[in-house]
Structure formats: structure tokens, C-alpha cells
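These are the residues of each chain, in order.
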Amino acid sequence: MSGREYTLRELMTVVAARQMEDNKAVAVGTGLPLAAAMLAQKTHAPNLLIVFEAGGVAPQLPTLPISVGDSRTIHKALMCTTLIDIMDMMRRGYIDYAFLGGAQIDKYGNLNSTMIGDNYEQPKVRFPGSGGANDFGSLAWETMIIMDRHGPRRFVENVDFITTPGYLDGPGSREGWGLSPGTGPSRVVTDLCLFDFHPETKIMRLKALHPGITEEDVKKATGFEIEVASSIETNTPPTAEDLRILHEVIDPTGRIFPKK
Amino acid sequence: MSGREYTLRELMTVVAARQMEDNKAVAVGTGLPLAAAMLAQKTHAPNLLIVFEAGGVAPQLPTLPISVGDSRTIHKALMCTTLIDIMDMMRRGYIDYAFLGGAQIDKYGNLNSTMIGDNYEQPKVRFPGSGGANDFGSLAWETMIIMDRHGPRRFVENVDFITTPGYLDGPGSREGWGLSPGTGPSRVVTDLCLFDFHPETKIMRLKALHPGITEEDVKKATGFEIEVASSIETNTPPTAEDLRILHEVIDPTGRIFPKK
Amino acid sequence: MEMKILEEGTGEIFCKNTPITMREYARGKTRALIDKRMPLQEAVKKFINDGDYLAIGGFGHIRIPMATIYEIVRQKKKNLSVAGHTAVQDIDVLMAGGCVSNVDIAYVVGFELRGLSGVQRRLFESGQVKKTDYTNGAMSYRLRAGAQGVPFIPVKVMLGTDTMRKSPGKVFECPFTGEKVLLLPALNPDVLIMHAHRADIYGNCQIDGHIVKDDIQARASKRIIVTCEEIVDTEILRADPGKTIVPFFMVDAVIEQPWGSHPGNMPYKYYFDHEFTENYLAKGRDKDPGAIQKWMDEWIYSLDDFNAYVTKLGASRLYKLRDDEFLRPPMGGKQS
Amino acid sequence: MEMKILEEGTGEIFCKNTPITMREYARGKTRALIDKRMPLQEAVKKFINDGDYLAIGGFGHIRIPMATIYEIVRQKKKNLSVAGHTAVQDIDVLMAGGCVSNVDIAYVVGFELRGLSGVQRRLFESGQVKKTDYTNGAMSYRLRAGAQGVPFIPVKVMLGTDTMRKSPGKVFECPFTGEKVLLLPALNPDVLIMHAHRADIYGNCQIDGHIVKDDIQARASKRIIVTCEEIVDTEILRADPGKTIVPFFMVDAVIEQPWGSHPGNMPYKYYFDHEFTENYLAKGRDKDPGAIQKWMDEWIYSLDDFNAYVTKLGASRLYKLRDDEFLRPPMGGKQS
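Chains as they are written, first to last, in our numbering: chain F, 1 to 260; chain S, 1 to 260; chain E, 1 to 336; chain B, 1 to 336.
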């Protein structure tokens with residue numbers, strides 16, 4: 001192994017978890033974002049409200065669900081409702097964070113999860129499409145993004161298809177299209193670093209590096225010019241307690257965090 | 001008494017009941033229309049589906065409800081839902097009959113249940129307003145109307161306020177405003193007679209007289225020129241069985257059909 | 001592509017909230033599971049302001065939040081705008097208490113089979129209380145838009161009538177089909193008062209029987225005061241999450257208030273207090289406006305709270321309403 | 001008053017029904033309580049036509065009507081348009097069966113954490129199956145409009161993105177507030193296939209757990225085929241009418257089909273058959289397109305009906321899914 005006591009997936013999850021404040025609400029899918037939300041709940045944010053697009057609200061998650069609609073997502077929930085009720089709720093301003101991923105991202109945080117190629121009718125690769133991603137990215141207050149395999153083919157100057165709005169063409173662009181003021185991407189967690197977005201230019205800004213990663217590593221892996229914070233932090237590795245919770249409580253079967 | 005074996009209210013209810021076919025759906029309020037629907041169910045139309053604006057669908061009504069939303073309207077119902085779900089259902093074409101009344105009606109079956117007078121801000125009498133009446137009259141396939149106290153102050157050339165659409169300004173007018181083709185008032189049951197509407201002119205047409213009432217009586221009591229069917233029928237009085245059902249099954253406490 | 005508004009009504013829009021202000025407000029509410037129990041007096045004081053736009057749960061005299069209505073009157077709230085989306089005894093008491101300035105009317109003034117209200121006739125016919133006319137469907141559609149967070153909704157009612165002309169509706173042709181529809185503005189009330197069958201201390205609510213409109217108006221409203229027949233352990237709600245009709249984070253205050261809908265009908269709990277309502281109505285119809293004020297003194301102003309009202313009603317009277325609800329003869333026979 | 005459509009997408013609208021044709025169709029359906037049980041073969045034959053627009057209940061691989069999906073494939077229905085409103089194994093099998101020509105895409109191709117579908121990639125990337133892009137919210141909003149019987153609905157999603165540009169949405173300014181919204185056309189599917197926890201012989205349905213979108217898509221659809229885990233006496237439904245999610249008069253056929261969602265997850269009944277789905281996915285990803293056809297032969301074409309499929313799965317396999325659902329170890333210990 002790398003000599004680290006943790007994997008990059010674990011680190012990404014822990015960094016993502018730390019971005020969420022207590023007493024806020026997050027809409028998540030499955031996988032790392034959900035593991036991050038669960039970890040936040042079990043550490044610094046016990047009152048983090050978790051909702052699922054398929055209708056589960058505030059479940060007592062026994063294990064990581066396989067699907068955003070599976071039985072686990074409504075286990076002893078406080079409400080089981082409809083997809084449209086969740087979307088409406090998000091539109092009305094009750095959801096602070098949405099957690100998304102994608103195949104490509106650009107400097108304004110626009111996400112592509114629809115296709116690779118330049119021919120919509122016959123794409124090189126057809127991905128699932130928006131699902132709820134565009135809804136989440138349009139409606140939640142903050143969009144948080146997790147992207148692994150940070151490299152120039154995923155962090156691109158122009159995505160092949162804007163599935164989900166980041167800041168679109170830059171400052172003022174979301175508002176110009178009728179998206180609500182005060183919304184947009186706020187964080188991007190990758191396997192190299194943590195970005196936020198520059199408050200003026202709305203361009204992705206290097207905020208913190210993972211241990212052992214340099215600013216140069218990030219710049220090389222990114223296909224557009226990034227902003228850089230005046231002082232770059234270093235992400236604190238997962239604590240032993242973080243790892244214990246991930247392995248023993250959240251994912252005891254090792255589905256997404258394989259045991260060493 | 002009048003020498004009749006039945007009251008006019010009973011007769012109106014029975015005549016109204018007979019207008020409803022089996023295997024159809026009716027949206028009703030309380031009072032005579034509901035008694036008519038219940039009577040139809042218990043005589044010729046056992047599969048008449050009754051729905052209430054407040055959300056009750058196909059209840060097993062133990063007695064006449066006081067309110068269109070009270071507990072009786074959901075008693076052993078097949079569905080308890082929302083007001084908007086009932087309206088949507090009606091708009092989608094599932095409700096064949098709506099049963100309405102009002103303070104005034106004109107020759108096109110436009111109904112006023114909002115106000116008397118010509119000053120909206122300070123009316124002579126303020127009535128409840130539409131409630132669900134305009135919704136019912138706009139959305140159901142057929143609007144059936146019950147009006148007691150048939151006289152020239154209630155059957156008027158122009159109503160003081162069109163609360164609920166009949167044929168509005170005459171043929172084509174409903175469609176011109178975007179109301180669905182094939183809809184509109186189909187029957188008016190009064191304490192003198194039964195009207196339908198002339199298929200071409202859309203004007204109220206005398207179809208059948210109550211026993212002992214003449215065409216002249218109806219014309220005198222009506223403040224506009226009516227159409228008259230080529231052959232006027234006479235309404236059959238309530239049967240003994242009709243009366244038994246009304247008194248013993250539907251309204252055993254005599255709330256709307258006082259016992260003699 | 002050019003589109004036309006073909007006709008428009010002249011009705012005033014009383015509620016000034018928009019999906020944007022709703023959204024900003026919701027952002028500030030906590031998502032934490034905190035105990036929201038408080039005395040009803042405190043809830044009304046804290047969450048209902050003079051001039052607010054008020055939505056009322058239930059349906060006229062079914063599952064109406066009367067305990068809260070009485071408290072609003074007791075605190076002499078002023079200049080409320082009210083959603084008269086089948087509003088019967090609830091709005092009548094508020095209007096008798098002088099709390100109301102504007103009403104969006106779908107159904108008011110009437111007590112269904114019981115006839116018209118003297119109180120409301122006086123206030124509406126004199127023009128003292130302002131109004132805009134709608135339909136029950138229209139008011140629900142406005143709430144649906146408010147719940148969805150969009151500024152308007154197309155509907156197929158009111159078209160061609162004076163009800164439309166006295167509303168703020170706008171006739172518009174669908175850009176997909178050319179079909180004519182009426183556009184109505186969204187409605188986002190400042191505050192909803194509702195009475196539920198049960199809730200937990202955080203505000204998760206269950207309602208038995210028909211929901212009528214409480215799902216959408218809870219979602220459309222900025223603040224919610226919930227009274228309920230009983231407060232239950234959260235585990236009871238977690239055992240059947242499909243039955244939660246309003247989730248906790250939309251709710252601001254929870255008050256256990258048994259009989260809280262009296263004299264209304266609480267499905268599966270108690271039937272109407274018909275005699276009480278008839279007596280109230282008669283006072284409101286009295287030519288002497290003092291008659292209803294005397295009633296208000298007796299049943300509201302002179303009582304400290306709703307518990308005093310329940311005590312004044314007395315157990316026998318209340319238990320009879322329970323018997324009526326279940327269509328059963330009273331225990332022991334002929335008491336009526 | 002002039003209004004402008006500011007931008008519009010180029011996506012094709014695959015479903016040609018309108019609220020008007022929906023209404024006319026609904027008029028012809030009976031309101032009578034008649035026994036609607038029939039063999040699934042007959043229901044699919046009678047109520048699903050080549051070229052229909054199909055909506056599918058549940059959510060991708062939760063509460064999906066797989067028994068009906070298999071029967072559609074077995075009957076080789078052609079040229080279906082499908083609402084891909086999070087469609088996973090359901091749509092994948094239909095596409096592998098060659099039944100699908102057009103898809104409204106919100107979420108397809110993916111099996112969530114399990115990765116992408118080979119079958120769907122081939123058909124979409126070659127352009128053999130046509131598509132229009134939306135979002136999950138957008139598809140639900142289109143169904144809400146269809147359920148409401150209005151031709152369009154304003155929404156606040158998709159704005160400014162390529163998802164919007166490949167949809168038929170139109171950007172419009174609200175005539176009340178000036179706020180920009182996207183107008184989307186209503187969706188009224190020809191037929192909905194859904195799997196419920198229980199229903200009566202007339203078609204009144206209950207669902208346990210989250211409804212996801214089955215309430216609105218039942219209301220928006222012209223015809224409905226319901227399979228269910230069990231058919232129960234109507235009295236059971238009348239005892240809790242608030243739980244009826246689809247009323248009988250919208251439903252055309254009712255079929256008792258236990259395990260009818262396999263290999264999907266039926267909440268409170270059985271969990272995913274993970275191994276079955278992984279095996280299916282692997283066959284679809286095989287470079288040899290014959291691999292998936294062989295799977296189809298084995299599990300669909302060679303079997304008479306879904307009962308044969310259940311028999312082929314075998315009791316032990318199915319009972320394990322029940323244990324998984326309830327997070328309990330299998331009886332007797334380590335069977336896995």
C-alpha cells in the first residue's frame with residue numbers, strides 16, 4: 001500500500017463530511033456522498049437531516065443503501081413521500097446541500113452526466129442523464145460535488161454536455177436564467193484536493209490539498225485554469241474514529257470501503 | 001296538506017335521482033343532491049359512484065352528512081384523498097355529473113351563488129361564493145341543477161354575478177373560453193318542473209312538469225323565455241318504495257325530509 | 001415567439017409572499033430535531049403577527065384548529081388576511097373578533113346546510129372587509145403552486161365567469177397546444193394553523209381520514225402552528241413514515257390540545273357539536289351586534305385558555321360527541 | 001399584454017396525448033365495481049398496444065412491475081415509447097427485448113452503484129432508440145400537469161443547461177412576478193404498469209413505504225395494469241381509506257403476482273436479488289450480443305409465465321431475499 005493509514009476514498013469521504021454543518025439538510029444519492037453524510041451525522045453534525053430523492057426523509061439508516069430508493073432509505077424514516085414532494089421541498093429552500101458527481105466538470109462547476117462526444121444522436125458514451133442531478137443543482141442552496149479520478153479528461157475547459165448547472169457562463173449567469181440567487185456549487189472534493197469557488201469570478205478555487213499533493217499536481221490534473229486561495233490548507237487525514245465509523249457502522253460489509 | 005302523498009322536496013329528489021344513470025360518477029354536496037344520489041344508488045343505479053369535494057370517494061354513507069367534509073362522507077370509503085385530487089379527477093373526465101344549486105339562474109344555466117346587487121364591494125346580500133361550484137360546473141361532463149322556490153326572482157334574464165358557468169353567452173361560448181367541449185348544464189330540477197337544455201340554442205327547455213303544474217305556471221315563474229320540448233312529459237310521483245328509502249334509510253332523523 | 005394574455009381579472013392579490021421570499025424564509029428555519037412544544041398563547045404571540053396572511057387547516061367545520069382561532073381572537077390580532085378556502089366557523093369567529101381585513105373567498109359566509117352567517121354578511125356587505133373571489137379548486141391550485149415554489153399555475157376553472165373577473169386570473173393560450181387556460185398566482189401564506197390527530201414533539205404530524213388541503217398548505221406556508229389531539233412518541237411515527245403528512249422541519253410550534261377542533265368534527269374522534277354551532281350562529285344573526293359580543297365574552301375573552309373552554313363544556317357534552325362520531329348510542333341508554 | 005417565449009429546446013415530444021384526449025378516454029371508463037382480475041397475458045394483450053407510450057411504476061429497481069415487463073417482452077410488443085423517469089432494470093429488459101423505440105430520459109443506462117448497462121449503451125449510442133432529455137423532477141412535473149389535466153406546467157429546473165436545450169421546454173417570464181420559469185408539456189401516458197403491495201379485485205391499491213411517483217402517474221395515465229403481492233378483501237381497504245393510493249375506476253386490470261418485482265426490491269417484502277441483477281448486467285455487457293439473448297431465452301421466452309419464473313428461482317432463493325429485507329439472519333444460521 002501507500003504507507004497511508006487510509007485510502008483516498010476514505011479521505012474524500014471524510015473531507016466531504018466536514019463540509020456539512022450541523023442543523024442543515026442534505027439531499028444525497030448513494031455511494032460516497034451518502035457515506036459522507038452518514039459520517040457527518042455520527043460525528044460533528046448529529047442533526048444533519050438526510051433526504052433521498054425517491055421520498056425517504058430522515059431515515060435511521062441501518063447500512064448503506066444500494067439505491068436512492070431502496071428499503072434502507074426509508075428505514076424508520078420520519079416521512080416517506082414522493083419524488084416530486086422532495087423536489088418541491090428543495091425548491092422551497094429547505095435543502096441546504098445537494099451532493100453530486102459526474103463524468104466531466106468545468107471551471108464553473110457545470111457537470112456532465114449525459115454523454116461523451118459531440119453528436120447527441122450518436123454519442124461516444126451515453127451516460128444516465130440528469131436523474132435528479134439537474135434538479136438538485138438547480139434547487140438546493142449549495143451544490144457539493146465529489147469527483148474521483150481527478151484528471152484533465154474529467155476536469156475540462158468545456159464539458160461535452162451541461163447536464164447540471166454550475167455557474168453556467170460565469171457570474172450572474174444562473175440568475176439570468178431564472179435560477180435562484182444565492183445558489184450554486186460550493187465545494188468540489190477530488191482525490192487530490194478540495195476546491196471552493198471564487199466569490200467574484202465563480203471559478204473553481206483550490207482551497208486545500210490532500211496530504212502529499214502539491215498545487216502543481218492539481219494544476220497538471222486540471223484542464224482549465226483554476227483560482228488558488230491566498231493560503232492553501234492541508235486536509236486533515238481521517239481520524240481513527242472516522243475510520244472505525246466508516247468500516248464498522250456505515251459499511252460493515254465493505255461494499256464501498258473494502259477492508260484491507 | 002295538499003292531498004299529495006309526498007312533499008315537493010321529495011318529488012324533486014326523486015326526479016333528480018332518476019336523471020343519473022348507473023355506472024356513472026357524481027360529485028355532490030349535501031342536502032337534496034346527495035339524497036338524490038343516495039336514492040339512485042339504492043334504486044336503479046347501484047353502481048353510481050359518489051365523490052365529495054373534500055376528499056371522500058365511494059363511502060358507505062350511514063346517514064346524510066351535514067357537511068361535504070364530515071366524517072360520514074368518508075365512512076368506509078374506498079379512498080380518502082384531497083380536495084385538489086377530486087378537482088383533478090373531475091378535470092381528467094372521471095366525473096359524469098356535478099350537482100349544484102344557487103340563488104339565481106339564467107336561461108343558459110349560469111348560476112349565481114356569490115351576491116345580490118350591482119355593487120361588488122357592497123352587495124345587498126353576500127352569499128358564500130363559488131366554493132367548489134364553479135370548479136364542478138367547469139370540469140364535470142354534465143352539470144345538474146336543483147332550484148327550489150322556482151320564481152322570477154330566481155330564474156332571471158341576467159344573474160347579478162356569474163359564479164358558475166352554464167353556457168355563458170350561448171352556443172360556443174364555453175368552448176370559446178377554453179372550457180371542454182361536450183360539457184355544460186344538462187338538467188334543472190325545480191319545484192315546478194324538470195328542464196333540459198335545447199341542443200342548438202343552449203337555452204333551458206321545459207322537459208317535464210310536476211303533477212298538477214301547467215306550462216303556463218312554469219312560464220309565469222320564469223323571468224326569461226324558455227324553450228319547450230315538442231312533447232312535454234309529466235314527472236312520475238315518488239313510489240312508496242322511494243319514500244320508504246328516503247325516510248327510513250337516507251334521512252331517518254327527518255333532518256331534510258321532515259316526517260308528516 | 002409572442003404570447004398574449006387575452007383577458008385578466010381585477011382582483012387584488014392580498015398575499016405578498018412569492019416563491020423567492022418563501023425560499024429565503026425556509027432557509028432560516030432549523031432542520032434540527034428540537035422540542036417545539038410551547039403554550040398555545042406563546043405560539044400565537046410568537047408566530048402570528050398583525051397583518052399576516054393566514055391559512056387554516058381542515059375544511060370549514062371539519063378538523064378546524066378552533067383552539068388556535070380562539071387564542072388569536074383573545075390576543076386581538078389585527079388586519080389579518082385569510083384564505084377563505086371553505087372557511088366556516090373558523091373564519092366566522094375570527095371576523096366576529098375583528099381580526100380580519102381581507103379575505104380570499106372561495107367559500108365563506110355560509111354554514112352549509114345551516115344557512116348564512118350574520119357576522120360575515122354584515123362585514124362583507126358593508127365593505128368593511130375586503131375580498132377577492134376564487135373557487136375552492138382555484139385556492140388549492142394556488143397553494144399547489146406555492147408548495148411547488150413557482151409563481152403561477154395554469155388551471156381550467158373560473159374561465160368566462162364573474163368569479164374570474166373578480167380574481168387576479170389571466171387567460172392565456174398554451175404555447176404547446178393552443179388550449180386556453182387561466183393563470184393564477186401562487187399562494188404562500190405567512191402562517192398556517194392546523195389541528196392534527198397526532199404529532200411528535202418535533203412537529204411530525206399524522207392526520208386520519210381525508211387530508212383535504214393540509215398537505216399543500218403546510219408546504220406552501222412560511223410558518224406552521226400545529227395543535228393536535230395527542231402528542232406521541234416519535235417511534236410511533238417512525239413505524240409508519242408513509243403516514244406523516246407534514247414533516248417536522250416545516251413546523252414551528254406543537255401544542256397538545258385535545259378537543260381542539262370543537263365545535264367542529266374531528267374524524268374518528270368526535271362529531272360536530274351541532275347545538276353549540278346553532279347557538280353561536282343565532283347570536284351572530286341577532287339584529288343586536290352585542291349578542292355575538294356577549295357570546296365572545298362568555299366563550300373566549302373571559303376564559304384564560306382552551307382548557308378553561310373544555311372545562312366549561314363539561315365531560316358529558318364532549319363524550320356525547322364521541323358517541324355521535326361512532327354512531328353509537330350513549331352508554332346507559334337515552335342520554336341525548 | 002404581450003408575453004414572450006425567450007428560449008426553447010428542440011426535444012421531440014414523444015407522447016401525443018393531451019388533457020383533452022385523456023378526458024375523452026376517461027369518460028368511456030366504467031365507474032362500476034367490477035371484478036378486474038384476469039391473467040397477466042390477457043391484460044398485456046388487451047391494454048398495451050404497439051406504439052403506446054408506457055409509464056412504469058416504482059423507481060428503477062424498487063417496486064418495479066417486472067412480471068408485466070417480462071410479459072410485454074414475451075408478447076414482443078413493438079415501438080413503445082417509455083418514460084425513463086429513473087428506469088433501470090425495467091427499461092433495460094424492455095430494450096433488450098426490442099420493444100422500445102423512444103425514451104424520455106431522466107435517468108436510464110445506469111444501474112446506480114452497479115454501473116452502466118451494455119444493452120442500453122448499444123441502443124442509445126447507435127441512435128437506434130430515439131431520446132429526449134429531461135430530469136427526474138421534470139418528468140414528475142410533466143406527470144403532475146397530466147394528472148391535473150392542464151397542458152403545461154411551469155418549473156424551476158433545467159434552466160440554462162443542455163438538458164433544457166435537448167428537451168421541448170420553453171423559457172417564459174411569469175406575468176405576475178416577472179420571474180423566469182421553464183414551461184414543460186403535460187405527460188399523459190397511454191398505459192401505466194405498476195406493482196402494488198395489495199389491491200382488491202376492483203383495482204383499489206395500497207402501497208407501503210414511499211410512493212415515489214405512482215400516485216401522479218396513475219392519475220396521468222389512460223390505462224393501468226396493476227400487479228400486486230396480494231389481492232385482499234375490499235373491506236380491508238375500506239377500513240383505512242386514507243391509504244388507497246389509486247382508486248378502482250382508474251384501473252383496468254388486477255393480477256395477484258407475488259414476487260412480481262423480482263429482482264427488484266419490494267419494500268417491507270423482499271430486498272434486491274443482487275446476484276441475479278449482476279448476472280443479468282454481465283450478460284448485457286458481453287461483447288457478444290447473443291449472451292443477453294440467451295439470458296432472455298432462459299428467463300423469459302422459454303417460460304410460459306411469471307409463475308414458471310418464480311418456480312425456476314426456487315423457494316430458498318426467494319426466502320433469502322425476505323431475510324435480507326428484514327436485515328435478519330436466515331433461519332437456522334449461515335445459509336447465504
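A couple of the hints might just be wrong.
Stated by the list, open to error - Listed next, the in silico DSBU-like pairs over lysine-lysine satisfying Cα-Cα at most 35 angstroms (straight line):
#	chain 1	residue 1	chain 2	residue 2
1	E	Lys130	E	Lys294
2	F	Lys76	B	Lys312
3	S	Lys76	F	Lys76
4	B	Lys76	B	Lys294
5	B	Lys76	S	Lys76
6	S	Lys76	B	Lys130
7	B	Lys4	E	Lys130
8	E	Lys76	E	Lys130
9	B	Lys29	S	Lys42
10	E	Lys320	E	Lys29
11	S	Lys24	B	Lys16
12	E	Lys243	S	Lys24
13	E	Lys243	B	Lys29
14	S	Lys76	S	Lys259
15	B	Lys243	F	Lys124
16	B	Lys287	B	Lys312
17	E	Lys320	B	Lys294
18	B	Lys130	F	Lys124
19	S	Lys124	E	Lys16
20	B	Lys294	F	Lys124
Read the hints as simulated data drawn from the structure, not as lab findings.
Status of each hint after checking the structure:
{"no.": "1", "hint": "Lys130/E / Lys294/E", "verdict": "holds, 25 angstroms"}
{"no.": "2", "hint": "Lys76/F / Lys312/B", "verdict": "holds, 34 angstroms"}
{"no.": "3", "hint": "Lys76/S / Lys76/F", "verdict": "holds, 29 angstroms"}
{"no.": "4", "hint": "Lys76/B / Lys294/B", "verdict": "holds, 16 angstroms"}
{"no.": "5", "hint": "Lys76/B / Lys76/S", "verdict": "violated, 42 angstroms"}
{"no.": "6", "hint": "Lys76/S / Lys130/B", "verdict": "violated, 47 angstroms"}
{"no.": "7", "hint": "Lys4/B / Lys130/E", "verdict": "holds, 34 angstroms"}
{"no.": "8", "hint": "Lys76/E / Lys130/E", "verdict": "holds, 19 angstroms"}
{"no.": "9", "hint": "Lys29/B / Lys42/S", "verdict": "holds, 22 angstroms"}
{"no.": "10", "hint": "Lys320/E / Lys29/E", "verdict": "violated, 42 angstroms"}
{"no.": "11", "hint": "Lys24/S / Lys16/B", "verdict": "holds, 27 angstroms"}
{"no.": "12", "hint": "Lys243/E / Lys24/S", "verdict": "holds, 31 angstroms"}
{"no.": "13", "hint": "Lys243/E / Lys29/B", "verdict": "holds, 30 angstroms"}
{"no.": "14", "hint": "Lys76/S / Lys259/S", "verdict": "holds, 28 angstroms"}
{"no.": "15", "hint": "Lys243/B / Lys124/F", "verdict": "violated, 46 angstroms"}
{"no.": "16", "hint": "Lys287/B / Lys312/B", "verdict": "holds, 27 angstroms"}
{"no.": "17", "hint": "Lys320/E / Lys294/B", "verdict": "violated, 70 angstroms"}
{"no.": "18", "hint": "Lys130/B / Lys124/F", "verdict": "holds, 15 angstroms"}
{"no.": "19", "hint": "Lys124/S / Lys16/E", "verdict": "holds, 30 angstroms"}
{"no.": "20", "hint": "Lys294/B / Lys124/F", "verdict": "holds, 27 angstroms"}
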